[in-house]
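Two chains, two separate frames, one set of hints: put the complex together.
Residue strings, one per chain:
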Amino acid sequence: MGNHSDGSPNHSGTVATAGQNEVEKFQDPGIPPHRLRLADTDPKAAKRAERQVALLFGSSVVGTLIFLVAYFAIDLGDDTSIATIRLQNALLGIGTAFAMLGIGTGIVHWAKALMPDHEVSEERHAIRTEEDRLAAVRIVDDIVEETGIKRRPLIRNTLLGAVALAPLPALAVFGDLGPRPDNTLAHTMWAPQDGKLKRLTRDPDGTPIKAADVTIGSAFHVIPEGLNELHEGKLNEKAKAVVLLMRLNPESLNPSPGRENWGYNGIVAYSKICTHVGCPVALYEQQTHHLLCPCHQSTFDLTQECKVIFGPASRPLPQLPIAVDSEGYLVATSDFKEPVGPSYWERDEHERNRNA
Amino acid sequence: MKALSQKRRHPLAAIALLLMGLLVTGGLYAVASTVNQAKATTSTNANDAEEGGKLFAANCATCHGMGASGSQSGPSLVGVGAAAVDFQVGTGRMPMQMNGPQAYKKPAQFNEEQTRQLAAYVASLGPGPSIPEAGLLDEKGDAAAGGELFRTNCAMCHNAAAAGGALTRGKFAPALAGVSGQHIYEAMVTGPQNMPVFSDANISPEGKRDIITFLKQIEANGSPGGADLGSLGPVSEGLFIWIAGLGVIIAFTIWLTSRTS
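Top to bottom, those sequences are chains A and B.
Residue numbers are given in our numbering: position 281 of the first sequence equals residue 281, and the series is strictly consecutive.
Residue numbers are given in our numbering: position 10 of the second sequence equals residue 10, and the series is strictly consecutive.
I should point out that these hints are in silico values taken from the structure, not numbers from a laboratory.
Hints should not be assumed to be uniformly reliable.
[Stated by the list, open to error] Short, incomplete list of chain B residues facing chain A, as computed with Cβ under 7 Å:
hint: 1; residue: Ala-144
hint: 2; residue: Thr-152
hint: 3; residue: Met-156
hint: 4; residue: Asn-159
hint: 5; residue: Ala-160
hint: 6; residue: Leu-167
hint: 7; residue: Asn-194
hint: 8; residue: Ser-199
hint: 9; residue: Asn-202
hint: 10; residue: Pro-224
hint: 11; residue: Ser-261
Note that the structure is predicted; figures quoted are calculated from it, not measured.
The beta carbon of each residue, even a glycine, is placed where N, CA and C say it ideally should be.
Isolated chain B (complex conformation) (with noise of 0.2 Å):
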């Protein structure tokens, strides 16, 4: 160690610092690039719409109707894009359990390749948003411009540390703890349900890619503050102040005012 130390301020020291930089950061992109390819290669299949059309007959068309045209109890699906269908049924939120407000995020039906499959299928019908390329989600943008984005365009109905809130009449904008880059991408581009579309030409998928870093970076990090209690504001803080800290200020006053044996 004491050698290594000696050597830090050697001239040479700053480029051989560099190098080993280079070489992993080479090392972990050529892994994460072939895993990327492995995906392309696999989405392209041609078979995928043919297949994708059959499992959307048997599951999807009873309420979007045949060739996704739309029912009295689903809507046309021509047009939304592969993002739209990996995000709905990715996250289990399609097929839906019952009707109501909303639809609840729940264990996925279907497997990837089931997904990819269907995806293929829609996005076969009509231009719409496709799956966000792997370097958009790489979770290295600009976290700080992430976080300003996220305050001023997601915040209002999310909730700043992305805890979620409630909207009207049972409807609600879900915590973005736990869900995975490509969902958030295809949420914002897509606008699921309620939730207002963020196309690119509103936040370019740069933009998009910083946000996705903000929200990785405080997910992995907390609180700064320590237990969080949910970040659900006073709701959580007033009653835990109300109950433990006044009942600590009680239990001195007892403490204060008894006789010692």
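The shape of chain A in the complex, shown without the other chains (with noise of 0.2 Å):
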């Protein structure tokens, strides 16, 4: 083989000088020399290695008894401030980061400098032979003669029951992720109970709004009457039923016919559960009076009954009725007409069983 390495085409003439009717083969062209570390030859140089290996190990010493000090000395109590736990958690860090880093990258070192660094070449197996096919299928014949399983259905049969049946666990075990949410999606706290309206509070505390409260260009964030004394499933119930509550000046709003009545005054409630992927819509602009989510940008127009102009949410948002009590408290005068939030899978057979 000519040296190739100069550039110099590859002529086809030159290739095929060992003998015209040889099929060229390609020759093994070895193991490169072996190239001698300086820790091989020099013994200061091997000094200065082994000096470096143990310096990232003592690191890695230090690295721990920073992580001890931070851990133990630094006494978190009832009045710690931010900035002693951020000394703590960096000096965690640090030490943490030092006590791995120091034994792995010390090892590595160690290894790459130090010790033996011979290379091996190991051959390939020999391709196997038929006659080893040919005996591991005469194993698998006598484990089935032997086993006798063709002879004695009784013990396949039941073999053939119990793995049919060992799955069945897993079963009920995945069953516990559920329980199907049924009609729960559907439904919000808003709807009234026993005939009493819910009345429309503030997110967090739970104090009934009055319509005269709510001053134009406000936005208020709320939760049903109630929603605070829950004591199961408060989270999931908040989910559903939260509400932004704006006023506008009403000639700016645009109600479709039907849907009159469900604002007071330019007072207006529509849910804060986007219908592309249920993030909370809530920042409302109260001079465009644009309603922005801000996971995907989907924007609604307050004044056209929250219509989607922009952003990939499919459907407005849905409007919870509202009215005045005779104390002057805002309340629901029913729940939302649809379900909130984005599409599932039973959504328009909920939607359809609302409205029939």
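What follows is the structure, encoded as structure tokens:
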């Protein structure tokens, strides 16, 4: 083989010089010559590498000590400031990093610089012969024969039964990931309870809101009355029932027929759950009357009953019909007229049932 | 020191400590309240409204109209109150440099006295929110309650760490670090530009005090996790870990596979 590293073109005539009738074979170039490291020849360099490894291991020890000191010496009492927590977090992180990196880099450096580095080449296994394959088939046949599974259907059938039943516990366990939400997604806490209309209350303290409190340009974050008193499933209920309450000039609103009474003197309430994937839509621009979802920039126009004017949401935000009770507090006259939030498998069916 | 530490369990130690604490807080309060008094006496100057009227005619009437009744280029300011003027002029947003999606914060063009005079003039045109009392801006409210109110009412636009965020079509909610408590309070009661109004009927004055306390506390203490990379979430954090984190991993792989000399 010629030396091709000079970049000269590879002429076909120069390759086949070994013999006119022989098929050209790739020659094994062998292992390149072993190059000794500095530490192999120079005892000073070896000593230096040894010290470097020791230094790396030492830095690991220091890192561990930093961690322990930060953990035990920095006292986090009731009146700890965030600055103290930050200091401790930083020291714990730096300590752990040095403790781990010191050991890791030390071992690698040790192996690379000092441990023997002789090169070994392993021969490839010979390709398996036909006899081997036949022997394997014989073994399988022997097993089938000796177990007698063909002759003993009782054993075979009970085994099949046992294997078929064994995954059942897994089914039961995964079943606990449920239950299916069924109809719960279609209803919220706003539905009147025992004929009593639910009041609109402030998030988070749950105090009721008077219509007079909602000045033009205001935005209230609203939860249903009684949510804070729930003992179970409070977060699930809140996730469905949160509402944004706003007041505009009544002339700016353009309610469609049948929805004229859903607001009160320009006060309107809309579900805060985006119809795209359920982020809270609460970025209200009081001059443009746009509601913006922070996750995917779906924009809803309040003056057009929260029609989608930009972004991936497919439906307007559901409106909560509101009125004022005898004491002047805002109440929801009914639940939302459609399921709130993003689409789900049975949503159309639930909406049909609601309107039927 | 030893004598002190021996006597710390003395029955009178608690009383002594209490007295010391009272003296310190009382002293601080006295200093603070005299400052407030000075402010209060100057803000009720009868000439202020008159002087403010002249300033208004000279600087603001082009857009807001004579008598602040509004024009094609600017809204009427009757009834916006002194708080709105103090916020808009005090943060330099007004006079506006040019028309755009949003007025930017810039160095104030009027000094404190002129701002006060303008505010007094606009307040004299019709009732509106007034500049908050110093007692509501003392940053001594309940920071935890303020944090809850902030996360419910403000965080969606201004970011949970008050680092600000984008709105539609070039508008944005500004970062709140470095904004004075007075301006934060005024922004809540007046709802400048596209910010909704958070009147006292929505968030009580004490609630607003709590929010300011919370904001000043997180501003003073910073992030418990160290460098917050602007508190902008996955954008800055992702950029950092993709470049710095992957860079470190690549450097280590090169080192691992390289031969030692």
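Results of checking the hints against the structure:
1. Ala-144: 12 Å, violated
2. Thr-152: Holds, because the Cβ-Cβ distance from Thr-152/B to chain A comes to roughly 5 Å (cut-off 7 Å).
3. Met-156: 4 Å, holds
4. Asn-159: 9 Å, violated
5. Ala-160: At about 11 Å, which exceeds the 7 Å cut-off, the nearest Cβ of chain A leaves the hint on Ala-160/B violated.
6. Leu-167: The hint holds - Leu-167/B has a Cβ within 7 Å of chain A, the shortest such distance being about 6 Å.
7. Asn-194: 4 Å, holds
8. Ser-199: 5 Å, holds
9. Asn-202: 6 Å, holds
10. Pro-224: The hint holds - Pro-224/B has a Cβ within 7 Å of chain A, the shortest such distance being about 5 Å.
11. Ser-261: This interface hint holds because 5 Å falls under the 7 Å limit.
When the structure is compared with the earlier hints, violations turn up for hints 1, 4 and 5 and for no others.
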